[in-house]
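From first to last, the protein sequence lines are chains D and E.
According to this note's numbering, the residues represented by the first sequence are 1 to 155, in order.
According to this note's numbering, the residues represented by the second sequence are 1 to 349, in order.
Bear in mind the hints are in silico, worked out from the structure with no lab data behind them.
Possibly wrong hints are sitting among the right ones.
[Said to hold, decoys possible] Listed below are the simulated DSS-like cross-link pairs for lysine-lysine, each with C-alpha atoms no more than 25 Å apart in a straight line:
#, chain 1, residue 1, chain 2, residue 2
1, D, K129, E, K192
2, E, K185, E, K256
3, E, K280, E, K327
4, D, K96, E, K327
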Amino acid sequence: MHLTEIVDGHRTESHLCQACAQKEGITVKSQLSLNELLSSLIAAHQQTDETAAIEKAGKVCDDCGMTMDTFRKQALLGCPNDYKVFEDDLRDIIEKTQDDNSLHIGKTPPLTSSEEAESKEKNITEELKRRLDLAVKTEDYELAAKLRDQLKALS
Amino acid sequence: MRLTDLSMKISRWFDPAAPLSDIVISSRIRLARNLASRKFITRCSSEEKNEILQTLKGVILNLPSLGDIFFIDIEHGTTIERDLLVERQLISRNLAAGTGPRGAVIAQNELFAAQINEEDHLRLCVLAPGLNIEKCWLRINEIDDAIGSKVQYAFSSKYGFLTACPTNLGTGIRVSVMMHLPALKMTDQLKKLFESARDMNLAVRGLFGEGTEAIGDFFQISNQVTLGISEQQIVEDFQNLIIPKIVEYERIARDKLLASELNILDDKIARALALLKSAKLISSHEAMFLLSNLRMGINMGRVKEISIETVNELFLLTQPAHLQINKGRPLTPEQRDILRAETLRAKLN
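Take the sequences, apply the hints, and build the full model.
Written as structure tokens, this is what we have:
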């Protein structure tokens, strides 16, 4: 690592190996990672009044004991059920990190309850229709044709 | 299977005969999965982690379609063994540095790895040399279905596969392609690449994934969005649009260097080769930079006497854990720098 310091107009250059640089407390930041982005979003989310009110209510997941406060600290959820328990709190975070998407349109695992599988199909049809409407409105006919084909394939 | 058997040979994902392999080193897809009715890793006790480990290990080791595979207990392995697997891109730094019961099932040919109890219960990964994302997808989808018909994954109709971190939600897929882009760097175009990658919701990372800096002009390009888009669509975008476009830019930059900056290019390559052939002490960081320049020299036809296989092999053999496992004992950083320089001189002179 090459370090140039300018103190009172005097320029000093030092060359440090990574270990020494760490000892000196110097680190080089690489590109902002997704987790850092997530942490900053979570922190921003923390300050809204709405979440403060929910926080007072003290929502806790029965399955794993998770709270939103803990999630904000570690950016990891405690169990699958958290997505239901904290759905309102997570929606914003999910949409922001997932390019405004909020619905899965990928594969379904082999062992899925028929209820989940059916509701997934219904969700996807609705989502595709919504996107088709939007594509027609914005006159993106290429996309509209693609979405129409996808809808046809589903029905 | 002993780890020394791995450390002596070159990874299959470094295959110079693979499509576009002068620029695209390897393609990989990973899927994040969790078991239904189980807590995620952060809330699991050591016992619960062990139950998950045993369940998934049992299922994966018994899949008939995986060929020669072996299990590695990461919890009880040594630091050097863990680092070796990280250097070979078979496990993440996260798994290596984790705590409690965890492990990995790895294919002998190193083109498949399943990490158990990393950030999610299961992280499946399939690799292929060169630009081969579609092939990776077909393979990993098959393995995922085989496992998913033995255990029930955490899945919701709305959010898809449920993951510990919402950034993996939905498909749980991460496509990532390792590229060697020295000419874009030399022609100062990396910033442009990073900006357009950001606009397309792609992440550009260093050699060892998340949180690592780029070493020696190697970059991993990967998708960030996992929800609201199908696996197929992500795969197609990478295979047919994103990666071919970056390859094209790198080629244009290489042609430009050959046409108008031949002296600068040749100087860079010659200096790299001279240092690699004669240094007595060399850090892994410096070795990576110089090998990167040499690799560019060979792929651009400026160095004829050294094969690309030799350079690819050296990228692995000169890594810290590889040096130590092949030497059979732990080494201090200075001892490693000496051994690294010796290894380079022996292979290149």
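Evaluated hints:
Between the alpha carbons of K129/D and K192/E the distance comes to roughly 36 Å, so the proposed pair goes past 25 Å and is violated. Distance hint between K185/E and K256/E is fulfilled; the C-alpha atoms sit about 13 Å from each other, no more than 25 Å. Distance restraint check for K280/E and K327/E: the Cα-Cα separation of roughly 18 Å lies within the 25 Å cut-off, and the hinted pair is therefore satisfied. For the hint linking K96/D to K327/E, the alpha-carbon distance of about 49 Å lies beyond 25 Å, and the restraint is violated.
In this structure, the earlier hints numbered 1 and 4 are contradicted, and the remaining ones agree with it.
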